[in-house]
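**Q** What follows is the residue order along each chain.
There are 2 protein chains.
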Amino acid sequence: MQGKVITVLARPNLALVKYWGKREKGKDCKYTSLNLPQNSSLSITLDAGEELLTRTSVVFSEKLAQDTFYLNGKKQDMKSPELKERFLAIEELRKLSGVGTRALIVSNNSFPTASGLASSASGLAALTFAASKALGLKIDSNKLSEITRIGSGSACRSLFGGFVVWNRGKLPDGSDSVARQVFDEYYWPELTTLICMTTREKKKISSRAGMRQTVATSELYKLRPDIAEEHVKEIIKALNKKDFEALARVTMADAMNMHSVMLDTRPPIIYLNDVSKEVIYAVEDLNESEKRLVAAYTFDAGPNACVICAESDADKVFAKLKGVRGIEKILKAKIGSSPKVLSDSESLINPKTLEPKFALEK
Amino acid sequence: MQGKVITVLARPNLALVKYWGKREKGKDCKYTSLNLPQNSSLSITLDAGEELLTRTSVVFSEKLAQDTFYLNGKKQDMKSPELKERFLAIEELRKLSGVGTRALIVSNNSFPTASGLASSASGLAALTFAASKALGLKIDSNKLSEITRIGSGSACRSLFGGFVVWNRGKLPDGSDSVARQVFDEYYWPELTTLICMTTREKKKISSRAGMRQTVATSELYKLRPDIAEEHVKEIIKALNKKDFEALARVTMADAMNMHSVMLDTRPPIIYLNDVSKEVIYAVEDLNESEKRLVAAYTFDAGPNACVICAESDADKVFAKLKGVRGIEKILKAKIGSSPKVLSDSESLINPKTLEPKFALEK
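Heads up: the protein sequence lines correspond to chains A and B, in order.
Residues 2 to 363, numbered by this note's numbering, are exactly what the first sequence covers, in order.
Residues 2 to 363, numbered by this note's numbering, are exactly what the second sequence covers, in order.
These aren't lab readings, by the way, just hints derived from the structure by calculation.
Any given hint could turn out to be false.
As the list makes no split between identical chains, a pair holds if one copy fits it or if it spans any two.
[What the hints assert, rightly or not] List of simulated lysine-lysine pairs, DSS-like, C-alpha gap at most 25 Å:
id : residue 1 : residue 2
1  : K204      : K292
2  : K205      : K317
3  : K205      : K292
4  : K205      : K323
5  : K76       : K134
6  : K171      : K238
7  : K223      : K234
8  : K223      : K23
9  : K323      : K203
10 : K341      : K353
11 : K341      : K5
12 : K80       : K323
13 : K134      : K223
14 : K292      : K243
So here's chain A without its partners, still in its complex pose:
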């Protein structure tokens, strides 16, 4: 079978209620991990225009002798554990479709090095979205979200635009641990994110290993899942009313709550640094001087701040953040949409030769 080349664009998501910690996998679990979370999380999909996005082309063909994956122009080692895990999602899709042929995948990320945002979510969402189309699969977004989650937990949220909840779920097979959109990207278009880019700091510990350590060793962690579930409810309530201050309050509390259980881990996981601290003080200071919550900071598993605010306050917040030493650039994003299929002219694969279209590094 010579499948069609499908090209997809996907965007990252920013969690306002964070995912940090997997629950025990079922005994008969066939994967290293199903990436089943300890708690539900809630995110916004980010649209920073031509920045922070993944474009991925996928084709399945009997002409291909093996699975091949080019990332940012570079052929990847298919034996790396990380890639193997990501490809569990592809295996799953292949099984569902009954198609046994190999795949060529070409993917480009436009993530500035210092953005501090991971491309894994948009990358995997683009991959499974494109692969499911390339395989001609008719599966619902629930199922695709479930499969995407297997490749990378938080990536399941990037299958949707707008405001997205990744439900914790209860079933050991993970079929109910899927993302869904709670509000689309047109619901609250004024909501703006300022992504503060600082000098890149090498992580001392990966998120995967860090999560495991936190769940195993933090004495405070046992409260975290319930706190996060509560935060999801509170944010949905705030979204219903478009109550920015409530949204801001919970967003900040949840980020700090996650970083607290990280700090309580042995050995401690400390992603925040002095620049993060200055961003926190700057936002707190602004909120205090304005006598209302103008902005809210949040931090993923890294030192880079994302600050949310209303578009009407963005200039004010931007100016305040510019005063923080250590921030090199601020990227503005609005609420983004779900992955979309691009036209053939935007394909990264030459459908005739089944080769990447662009000059590649060896």
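With the hints as your guide, set chain B onto chain A.
**A** Below, chain B alone, put in the same frame as chain A:
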């Protein structure tokens, strides 16, 4: 009555299990706060020779028209809220003794600016210890500890040498919330503290205000009191066996646990900085490369690290810490003793003129 001038030397203490959070004061509480803690804490008294100590002379005399307090050569404003609170302890002692005369107090601290250790504990312990003697009071250490605690919570631990537990207590009047020595300063003399001095950072929030905010707003805090009680038990067990590794493990966990609930406070309280982080990494790194727990870090309500280790490892730990950029000086301390009365020749008060002995700033 012309009382005797009493001069006392007292030392600070370093909590291995931290005090962070007061419990509700009783309804009929006559003080702003009795400084009753949410949890027990455990400290070592620090002896850094001529550094980090308080010398205080006290005299009560009818010749004195009012209470006067000279700190580090400077006459203090008796109306400042902080001083008023400290003087609650003096009022209490005066009441117990039946002596109604005013006091002259002269106190000198030898705390290097960048030590990051507060002089409030040694300061208040010296003050109440000296005042009780100057008033001719025969009270037991329990009672003196209780009174000292009213002036400054953790100061009650500096009334003892060696290893000291400040028991949480349960009574609303605080009479059972007192410190006691669990092991004296000769029990484990090999135990050494390296105090890492960095550039002084002005605190954004006082301990008093910070504690209150944590208790009121941290969603994780409710676990903290029980965790700390457990840590106290574990440290006592480790002390019984002179098990340094167990002591180290709990010391690090407890410090991080306190800083976690600080971070979980709204707005977040962040005392650790990038230098603190480097000290944590350096100690973790050393412990890992030595395949045993050689050293343990702890942080009070500030960025400065105190690192404990065995005297036999002190050179090794010192060398490792010297490699941390941002540490300016490392001060070594051993386990210290309780406050002691100095001879008249060391008095800071001229008993004839009832004036401070030394040239003073105006």
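**Q** Each of the hints needs a verdict: does it hold here or not?
**A** Hint-by-hint comparison with the structure:
Proximity of K204 and K292 under a CA criterion of 25 Å is satisfied inter-copy only: 23 Å between copies versus 36 Å inside one chain copy. Taking CA atoms no more than 25 Å apart as the test, K205 paired with K317 passes between copies only; the shortest distance there is 23 Å, against 34 Å inside one copy. Taking identical chains as interchangeable, the C-alpha atoms of K205 and K292 lie at most 25 Å apart only when they sit on different chains, with a minimum of 19 Å there against 38 Å within one chain. Proximity of K205 to K323 under the C-alpha cut-off of 25 Å is restricted to the inter-copy arrangement: shortest distance 21 Å between copies versus 28 Å within a copy.
Proximity of K76 and K134 under a CA criterion of 25 Å is satisfied intra-copy only: 23 Å inside one chain copy versus 80 Å between copies. In this assembly of identical chains, K171 and K238 lie within 25 Å of each other by CA distance solely inside one copy; the values are 23 Å within and 40 Å between copies. In this assembly of identical chains, K223 and K234 lie within 25 Å of each other by CA distance both inside one copy and across copies; the values are 19 Å within and 21 Å between. Taking the closest pair of Cα atoms, K223 and K23 come within 25 Å of each other both inside a single copy (12 Å) and across two copies (23 Å).
For the homomeric pair K323 and K203, the shortest alpha-carbon distances inside one copy (24 Å) and between copies (23 Å) are both at most 25 Å. Only within a single protomer do K341 and K353 lie at most 25 Å apart by alpha-carbon distance; the minimum there is 23 Å, versus 91 Å between protomers. Taking identical chains as interchangeable, the C-alpha atoms of K341 and K5 lie at most 25 Å apart only when both belong to the same chain, with a minimum of 16 Å there against 87 Å between chains. Taking the shortest alpha-carbon separations for K80 and K323, neither the intra-copy value of 43 Å nor the inter-copy value of 42 Å comes in at or below 25 Å.
With identical chains, the CA atoms of K134 and K223 are never at most 25 Å apart, being 40 Å at best within one copy and 49 Å at best between copies. Within a single copy, K292 and K243 get their C-alpha atoms as close as 19 Å, which meets the 25 Å cut-off; across copies the closest is 54 Å, which misses it.
When each numbered hint is compared with the structure, violations occur for hints 12, 13.
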